[in-house]
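Top line first, the protein sequences correspond to chains Z and D.
At position 40 of the first sequence (counting the first as 1) the number is 40 in the working numbering, and the numbers step up by one without a gap.
Just remember that the working numbering sits 176 ahead of the position in the second sequence, which is counted from 1.
Mixed in with the good hints, there may be bad ones.
Unchecked claim - As a list, the in silico SDA-like pairs of lysine to any residue whose alpha-carbon atoms are at most 25 Å apart: (1) D:K251 with Z:E162; (2) D:K322 with Z:V122; (3) D:K322 with Z:A120; (4) Z:K97 with D:F208; (5) D:K322 with Z:P75; (6) D:K322 with Z:L66; (7) D:K251 with Z:F116; (8) Z:K97 with D:I213; (9) D:K322 with Z:I27; (10) D:K251 with Z:M1; (11) D:K251 with Z:A106; (12) D:K251 with D:L217; (13) D:K251 with Z:Y70; (14) D:K322 with D:I213; (15) D:K251 with Z:K97.
Calculated from the structure, these hints are not laboratory results.
Because the structure is a prediction, the values reported are computed rather than measured.
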Amino acid sequence: MNARTIALTAVSIAIVTVLVASVPVPIPATGGFTHPGAVAEIFVAVAFGPVIGMVAAGVGAALADLILGYGSWAPLTLIAHGSLGLLAGWLSRGRGKGGMFAGWIAGGFALVALYFIGQATVYGLGVAGAAAELPFNLFQVALGVLGLGLFFVVRAVYPQIEQLAGGKGFTDVSKS
Amino acid sequence: MPGDGPVAINADLYVPGRSWAHRLDPRVKLLFVACFIVLVLVYDNLFFMLSALVLVHLLHFSARVPAARLRFVWKTLLPVALLMALLWTLFYPRGEALAVFWIVEITLHALAQGAALGLRILVMAFAVFAWLYTTDQAALVRSLVKVGIPYEWGLVLALALRYIPTFQGSYMLISEAQAARGLELRGAGFARVRRMMPIFVAMIVTSLRASEQLGRAIEARALGAPGVRRSVLHDIRFRPADYAASLLLAAGTALLLYLNFALGIGEHPIALG
């Protein structure tokens, strides 16, 4: 892993954590709150690929869980959000807008399914308890589609983003 | 989460101190968290969960963790715990009914099971926070590298932890600047997030520029240069007390697992044995 990838991954994790932990989004007609974390996760996955996408989404969201006091959910969050980042990054690689859309759908589905299975079995919420959480998770990943729009806007104002991922460091150059 | 604007968060959980828990090697604390989580996932018993809850509180008190930090965990997780207890009581009745309301049967088994599962969420969180409240970030990352995480990934985690407060600050600054220029954050759900887009774009571009500079700074320090042996300023070392604590933890966990698997103790939510 070269220096630029290290920096980019760390920064991506921090972006996800901030958007999950400190930006409240009201949920329509309920008075509850969710967060735009999925927007950042989809953005990072689409912009920087499956590996950085997986690490940034998984670790970023798990850190946010710890910071907010939801320590017990952090391991499940790491896996569920990590899968979203991995799938969104993998399916969108070089496949244009259709691939990005498919990545969002597949990643979102994986996140919701993993939370449901994990909460129903390992955490012992039972099917009833996990089903109660289902609408919140669905709404959360639905917001993620705006991450695709965010990517196009950011790329338009900051075209260097294309060179950030997979850039060569001096160690790679000296090796070759 | 109250209000409309961004919420200030304290990203560093560490509570400075010199207690025995602070001085313990972070790897021992990591082992403690792992053992504790395995045990509370294996045991289903209400009395076991209550004892575990008392034990983690004693740990926090002896490490001089301020009561406000414990109240913070209670406040975030108590609603979840209560909801779990309620759902189990309503949906999974078993055995003789204590009371019947219309189609809902309240049974002792379901009540105890629900309470035990609710407490489990709290106990797991308190175990994780016993580790994070008493370990500073540098030692935490160092211990993760020592248990086998590659150095580069440890650096990624350390840098991410360092940049969370920075980016949170820039998010707040940008949203205030946009608000001063007339950006109004109204509505809920999609409408709200679409209105937040200008803030996201500015924040992300700022962060990516920071990442470019950070990458160059790391390169300038020749990270990954071949043939260089890494050294650290403050290394962590196992002392005799750390060996003793690890041994005690492993033995206690093994005993409790044996009691559960071989003798079936703690399988039932309310009965012992």
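Right, here's what the structure says about each hint:
Of the pairs offered as hints, the one joining K251 of chain D and E162 of chain Z is violated, with about 43 Å between alpha carbons and a cut-off of 25 Å exceeded. At most 25 Å may separate the alpha-carbon atoms for a hinted pair to count; K322 of chain D and V122 of chain Z exceed this at roughly 29 Å. Proposed proximity of K322 of chain D and A120 of chain Z is contradicted: the alpha carbons are some 34 Å apart, above 25 Å. Under the criterion of a C-alpha separation no larger than 25 Å, the hint pairing K97 of chain Z with F208 of chain D is inconsistent with the structure, at around 47 Å.
Under the criterion of a C-alpha separation no larger than 25 Å, the hint pairing K322 of chain D with P75 of chain Z is consistent with the structure, at around 20 Å. Distance restraint check for K322 of chain D and L66 of chain Z: the Cα-Cα separation of roughly 22 Å lies within the 25 Å cut-off, and the hinted pair is therefore satisfied. This hinted pair checks out: K251 of chain D and F116 of chain Z have alpha carbons roughly 24 Å apart, not beyond 25 Å. About 42 Å separates the Cα atoms of K97 of chain Z and I213 of chain D, which puts this hinted pair outside 25 Å; it is violated.
Of the pairs offered as hints, the one joining K322 of chain D and I27 of chain Z is violated, with about 43 Å between alpha carbons and a cut-off of 25 Å exceeded. About 41 Å separates the Cα atoms of K251 of chain D and M1 of chain Z, which puts this hinted pair outside 25 Å; it is violated. Distance restraint check for K251 of chain D and A106 of chain Z: the Cα-Cα separation of roughly 34 Å exceeds the 25 Å cut-off, and the hinted pair is therefore not satisfied. Pair hint K251 of chain D plus L217 of chain D holds up; C-alpha atoms about 22 Å apart against a cutoff of 25 Å.
Restraint check for K251 of chain D and Y70 of chain Z: satisfied, since their Cα atoms lie roughly 10 Å apart, inside the 25 Å limit. Restraint check: the Cα-Cα separation between K322 of chain D and I213 of chain D comes to about 21 Å, which is no more than 25 Å; the hinted pair holds. A distance of roughly 43 Å separates the Cα atoms of K251 of chain D and K97 of chain Z; the hinted pair therefore is violated under the 25 Å criterion.
In terms of the numbered hints stated before, the structure departs from hints 1, 2, 3, 4, 8, 9, 10, 11, 15, listed from lowest to highest.
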